[in-house]
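The residues making up each chain are set out below.
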Amino acid sequence: MSTFDDPFDADHSLQATGCGCGLHRTRAEHDREAQLALQCAPVESSEQQYEGVVASAVMRAMFPKDVARRAFLKSVGASTALAAISQFFPLKTATEVFAQGAALEKKDIKVGFIPITCATPIIMAAPMGFYAKQGLNVEVIKTAGWAVIRDKTMNKEYDAAHMLSPMPLAITMGVGSNPQPYTMPAVENINGQAITLAIKHKDKRDPKDWKGFKFAVPFDYSMHNYLLRYYLAEHGIDPDTDVQIRAVPPPEMVANLRADNIDGFLGPDPMNQRAVYDGVGFIHILTKDIWEGHPCCAFAASKEFVTTMPNTYAALLKSIIDATAFAHKAENRKQIAEAIAPANYLNQPPIVLEQILTGTFADGLGNIVTQPNRVDFDPFPWQSFAVWIMTQMKRWGQIKGDVDYAAVASQVYLATDTAKLMKEVGLTPPANTTKSFSVMGKPFDPAKPEDYLASFKIRKAS
Amino acid sequence: MGSSLTLRAAILSVAIFAAFLGVWHLATRGTGTTAAMSPEYARLMGATATQGKSAMPGPLDVGAKLWEHIRRPFYDNGPNDKGLGIQLGYSIARVLLGYGLAVIVAIPFGFLIGMSPLLSRALDPFIQVMKPISPLAWMPLALYTIKDSGISAIFVIFICAIWPMLINTAFGVASVRKEWINVARTLEVGTLRRAFTVILPAAAPTILTGMRISIGIAWLVIVAAEMLVGGTGIGYFVWNEWNNLSITNVIIAILVIGIVGMLFDQILARVTRLVTFPE
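Chain order of the listed sequences is U and H. Per my numbering, the very first residue in the first sequence carries number 1; after that it's consecutive. Per my numbering, the very first residue in the second sequence carries number 1001; after that it's consecutive.
It is worth saying that the hints were derived from the structure and are not from the lab. These numbers were taken from a predicted model, which means no experiment stands behind them. The beta-carbon is built from N, C-alpha and C at its ideal position, and this holds for glycine as well. A portion of the hints provided could be inaccurate.
Taking lysine-lysine pairs in the DSS-like style, the calculated list, with each CA pair at most 27 Å apart, reads [as the list claims (entries may be wrong)]:
1. U:Lys-107 to H:Lys-1053
2. U:Lys-107 to U:Lys-334
3. H:Lys-1053 to U:Lys-110
4. U:Lys-400 to U:Lys-460
5. U:Lys-208 to U:Lys-457
6. U:Lys-110 to U:Lys-400
7. U:Lys-106 to U:Lys-303
8. U:Lys-133 to U:Lys-208
9. U:Lys-460 to U:Lys-133
10. H:Lys-1053 to U:Lys-202
11. U:Lys-460 to U:Lys-211
12. U:Lys-156 to U:Lys-107
13. U:Lys-211 to U:Lys-303
14. H:Lys-1053 to U:Lys-303
15. U:Lys-208 to U:Lys-156
16. H:Lys-1147 to U:Lys-106
17. H:Lys-1178 to U:Lys-156
18. U:Lys-200 to H:Lys-1053
19. U:Lys-133 to U:Lys-303
20. U:Lys-400 to U:Lys-442
Heads up, incomplete: computed chain U residues facing chain H, CB under 7 Å, no partners named [what the hints assert, rightly or not]:
21. Lys-142
22. Ala-341
23. Gln-355
24. Gln-411
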């Protein structure tokens, strides 16, 4: 489900059941809807936008079981429900509190990003004025790599940053760095990655033939790494012994593919499309076909920033939610591609970005493919995402011993600032911040991570 | 005779350069064959895929791009897109700062070590261990402890520029002719005065040679350091253009880095000649 969906629409699920994206009861329904691209009601003003976000949270709090919410809406109708809830829940007030915020502690903010399309909302918020609208003067700074992003945010050179969604978890748990409490209030993008193979492998479409391949992923603690390993393991390839997986910065992926140093990569865009554009690779599978609606990159800030500058943080988060909502809409994507193409941001040919963002793209094999949600933008940081990521960290030996999945997830993946703002107006924040989903057809129950982990045949012995 | 040799060498240089450009041009011409694909598909593909254009830019591409950079060296389109002149300015400033700090530390210390055989022996093991450490190996440690990427880059320049100067200064000071020092001693010249009027002029050429080696190393390191920390500078420019897979700009950056490095070297070579005296 999308945070921007109307919580008073009985036909939409707020929690996932049927299809991967969680919007539909069946896969077929999902595909039909996908043709219509986006079903999110047009939002005229930011006021309504926030109201939707707040109302979503309220409805989720009131009806932890989605069936109950649907039954309730079906029986009384959306307008009655809205009126009824408004009586004892000051939706308008809550929205205003959320929308206005208080005086900013700091206006000049530095946000680091890596030049990939996953960072789209963070980047476009600068040229398109989403930060300025909240009274912030944000400088978005291109950064050389994930480790540098990590160090610069930990050093407080950046106030907040674009990160891979597993990174705040890893930083908080002290995996690959000193432990420092981190928060991830918003997911940047869902979907939006792909497995790209060298053009010479165009006849080897079955992963079973990939023994001995060399693959690249951008970072050890990345969705890319976990998704590639998952995909290979599901096809009976042990990612630790049958193939080689290296951490390689995204631009080097294309160059290495050209130089024949690697056979393929699971990387962020624009590199997948760039490999196609340059004629050196083809898109084997989009990650949305591995896990529809998987999170990828994220917007992260240190716990310290959140607690010492709550208003600035709220304003920043609001800009990001605004920008993400704008990027969510298909009709804006061409405009966004143009806004983020210049050298100051992604520094790529606009046609490459346009193909990624609109989802009509050349696959490198001579076909033009249309996948409108090749990349999508939805900020809600489902805590079950965090739990899944931790199961994979444990599966591949990055973390060992007992993990308090739920505790780390709720500490790091803040289910938006809405929860805090709701408390301020005397309400209980949403109880439900998890949803179940399936990865390659295998359902994941966030309540039973250890059982899920035990069900995999291929895993690193620990 | 001399002038004719210079002339002939110049002609040969130009010829070698022309031959190099010619080979480069021929090697990167590409196949020129257009792959068979529908126009709609071709619209989504780059020139390498559609026209068989070589992935490596030819000398003409590089020349055109270079002209663009030279025409607008100081444009500023926000924090991540600045002109080549501005980027170079940042790099040069960082190098001079780190190098300056190294000079301030290395030369007095080198003097001390050179004048005292005891200190020289005692510090030798440390210098021997520190000297061969690759400058970039310091980077993570610097980032972690200094917690500021700009200062870290300067620190890395400092730490790598210091050793050749220290060693050369110590060597220069230690190998000043004994007779000169003895003469100074006979004339009852004070220690400080002896250092400035006898030892310093005698050791100056060696010290400057050390400085010349150091500036070369500092300039080598800045590019790598800026690639790592990003933000500004010529190293960042290379990294940024690499992200964009623009090999043309990477080649231009290499050319510029070479020229600036040569200028630094030439300046110090000239200064060395000024302080060298014939015996």
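Right, here's what the structure says about each hint:
{"no.": "1", "hint": "U:Lys-107 to H:Lys-1053", "verdict": "violated, 48 Å"}
{"no.": "2", "hint": "U:Lys-107 to U:Lys-334", "verdict": "violated, 30 Å"}
{"no.": "3", "hint": "H:Lys-1053 to U:Lys-110", "verdict": "violated, 40 Å"}
{"no.": "4", "hint": "U:Lys-400 to U:Lys-460", "verdict": "holds, 11 Å"}
{"no.": "5", "hint": "U:Lys-208 to U:Lys-457", "verdict": "holds, 16 Å"}
{"no.": "6", "hint": "U:Lys-110 to U:Lys-400", "verdict": "violated, 35 Å"}
{"no.": "7", "hint": "U:Lys-106 to U:Lys-303", "verdict": "holds, 16 Å"}
{"no.": "8", "hint": "U:Lys-133 to U:Lys-208", "verdict": "violated, 51 Å"}
{"no.": "9", "hint": "U:Lys-460 to U:Lys-133", "verdict": "violated, 49 Å"}
{"no.": "10", "hint": "H:Lys-1053 to U:Lys-202", "verdict": "holds, 22 Å"}
{"no.": "11", "hint": "U:Lys-460 to U:Lys-211", "verdict": "holds, 17 Å"}
{"no.": "12", "hint": "U:Lys-156 to U:Lys-107", "verdict": "holds, 15 Å"}
{"no.": "13", "hint": "U:Lys-211 to U:Lys-303", "verdict": "violated, 43 Å"}
{"no.": "14", "hint": "H:Lys-1053 to U:Lys-303", "verdict": "violated, 50 Å"}
{"no.": "15", "hint": "U:Lys-208 to U:Lys-156", "verdict": "violated, 46 Å"}
{"no.": "16", "hint": "H:Lys-1147 to U:Lys-106", "verdict": "holds, 21 Å"}
{"no.": "17", "hint": "H:Lys-1178 to U:Lys-156", "verdict": "violated, 56 Å"}
{"no.": "18", "hint": "U:Lys-200 to H:Lys-1053", "verdict": "holds, 19 Å"}
{"no.": "19", "hint": "U:Lys-133 to U:Lys-303", "verdict": "holds, 24 Å"}
{"no.": "20", "hint": "U:Lys-400 to U:Lys-442", "verdict": "holds, 24 Å"}
{"no.": "21", "hint": "Lys-142", "verdict": "holds, 4 Å"}
{"no.": "22", "hint": "Ala-341", "verdict": "violated, 10 Å"}
{"no.": "23", "hint": "Gln-355", "verdict": "holds, 6 Å"}
{"no.": "24", "hint": "Gln-411", "verdict": "violated, 24 Å"}
Of the numbered hints given earlier, the model fails hints 1, 2, 3, 6, 8, 9, 13, 14, 15, 17, 22 and 24; all others are met.
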